[in-house]
Amino acid sequence: MNRLRAANGFRLQLAMTPMIDVVFLLLVFFVCTVRFERGEAVYQLDLPARGASADPLALQDAPLQVILRAGADEQCTIELKGDGIAQSVGDFDALAMAMEKLRRRPGAADGLFESAHPILIVPTAATQWQHAVEGFNAAVRAGFQNIGFAPSADAKFQT
Amino acid sequence: MSLLYARGTARIDSNLTPLIDLAFLLIVFFILVTRMSGEQTPPINLPQPDHPAMTPARAQPRLTVNLMVEGDKTVVSLGSRRFAPGDAGQRDLTLAIAQRIRLDPALPVDVRADRSLRYAAVEPTLHAIAQAATQAGLGHLTVRVCALEVKGVAHE
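Residue numbers (this note's numbering), protein chains in the order written: chain A, 29 to 187; chain B, 8 to 163.
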């Protein structure tokens, strides 16, 4: 006689139904809550010391400025400004190339700035964040390492 | 008597074992891929540069400041905590960041801002982060700007 069978004929069984219920509940929960995120990446940002922490005695290089002005039709005008440099560029690819030419590289005689030279991205208040980040990206592509965003005089918290 | 089974009535059983195997496999898969930190990183249309030159974000503890667009308003949150508009909100944000980075000075602060926001709406948050570093007495704070790696596909 089967050992699981009691003398009176009852059969000992594992109740599968609640387990399957729980398993399916968990499955539905995970299917509903799962979120496949797009790959995010980051830019290391060098925020300029603002106000109290700035050392007034420190000698600092004048930063090379990338001025981004909001134009018509959500476009952006780009200007490169620095020591003896005032140059308008058409798009962010051209900006990256222009900045790369300005960077001192081995074997290139025309570079003016070291990779560690401070770069300041200067968007106006109306400039889109997308364009500000594209300007930042162009500076990273050009090989600069010390890049920050300029404070904006007319910015307001959560406007 | 069944025609198929000469010895008795036909009994149709469904074999549950492969079904349960599959269900458990799916559960294990979802447990592994689900991120429980959804509140830290709400869905935001991050900027997408044309030829991205950034570093992939490593899975490490970080402090995330989110700037989202809700209707015509900009909402700033630190993790799941939202901040009120105006100077009081900015002070609270500065204080909250300073408290966290004082406990762990190596904690990077990530800025996740919607790409359609104007710089005027983002800059005060950058200012608040810089002020928090000063309040916490840190000479160096790692601040990072988040963007999407591939151009051309909308987030979420």
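If you're looking for bench data, these hints aren't it; they were derived computationally from the structure.
For glycine and all other residues, C-beta sits at the position ideal for the given N, C-alpha and C.
Fair warning: there could be bad hints in the mix.
[To be verified] Selected chain A positions facing chain B (Cβ under 7 Å, derived; list incomplete):
(1) 50
(2) 51
(3) 53
(4) 54
(5) 60
(6) 69
(7) 72
(8) 117
(9) 158
(10) 160
(11) 169
(12) 173
[To be verified] Rough simulated footprint, nothing fancy, chain A against chain B, three-plus residues with beta-carbon under 8 Å:
(13) 28–40
(14) 129–142
Now the hints, each set against the structure:
Restraint check, residue 50 of chain A versus chain B: the minimum CB separation of about 10 Å is more than 7 Å; hint violated. Against a cut-off of 7 Å between C-beta atoms, the interface hint on residue 51 of chain A holds, since the closest Cβ of chain B lies about 5 Å away. The closest approach between the C-beta of residue 53 of chain A and any C-beta of chain B is roughly 10 Å, which is over the 7 Å cut-off, so the hint fails. With a least beta-carbon distance of about 5 Å to chain B, the hint placing residue 54 of chain A at the interface is held under the 7 Å criterion.
Residue-level restraint check for residue 60 of chain A is violated (minimum Cβ-Cβ distance to chain B is 10 Å; threshold 7 Å). Satisfaction of the interface hint for residue 69 of chain A is found here, the shortest Cβ-Cβ separation to chain B being roughly 4 Å, below the 7 Å cut-off. With a cut of 7 Å, the hint placing residue 72 of chain A at the interface with chain B holds, because the nearest CB-to-CB distance is about 6 Å. Interface restraint check for residue 117 of chain A: the shortest CB-CB distance to chain B comes to about 14 Å, outside 7 Å, so the restraint is violated.
This hint holds: residue 158 of chain A has a C-beta 4 Å from the nearest C-beta of chain B, less than the 7 Å allowed. This hint holds: residue 160 of chain A has a C-beta 5 Å from the nearest C-beta of chain B, less than the 7 Å allowed. Hint status for residue 169 of chain A: holds, given a least beta-carbon distance of 4 Å to chain B, under 7 Å. Here the hint on residue 173 of chain A is broken, as its CB sits about 12 Å from the closest CB of chain B, past 7 Å.
Remark: the stretch 28–40 of chain B is confirmed as covered by chain A, as 7 of its residues place a Cβ nearer than 8 Å to a Cβ of that chain, reaching the required three. For a cut-off of 8 Å, the count of residues in the stretch 129–142 of chain B with a CB near a CB of chain A stands at 12, and the three-residue condition holds.
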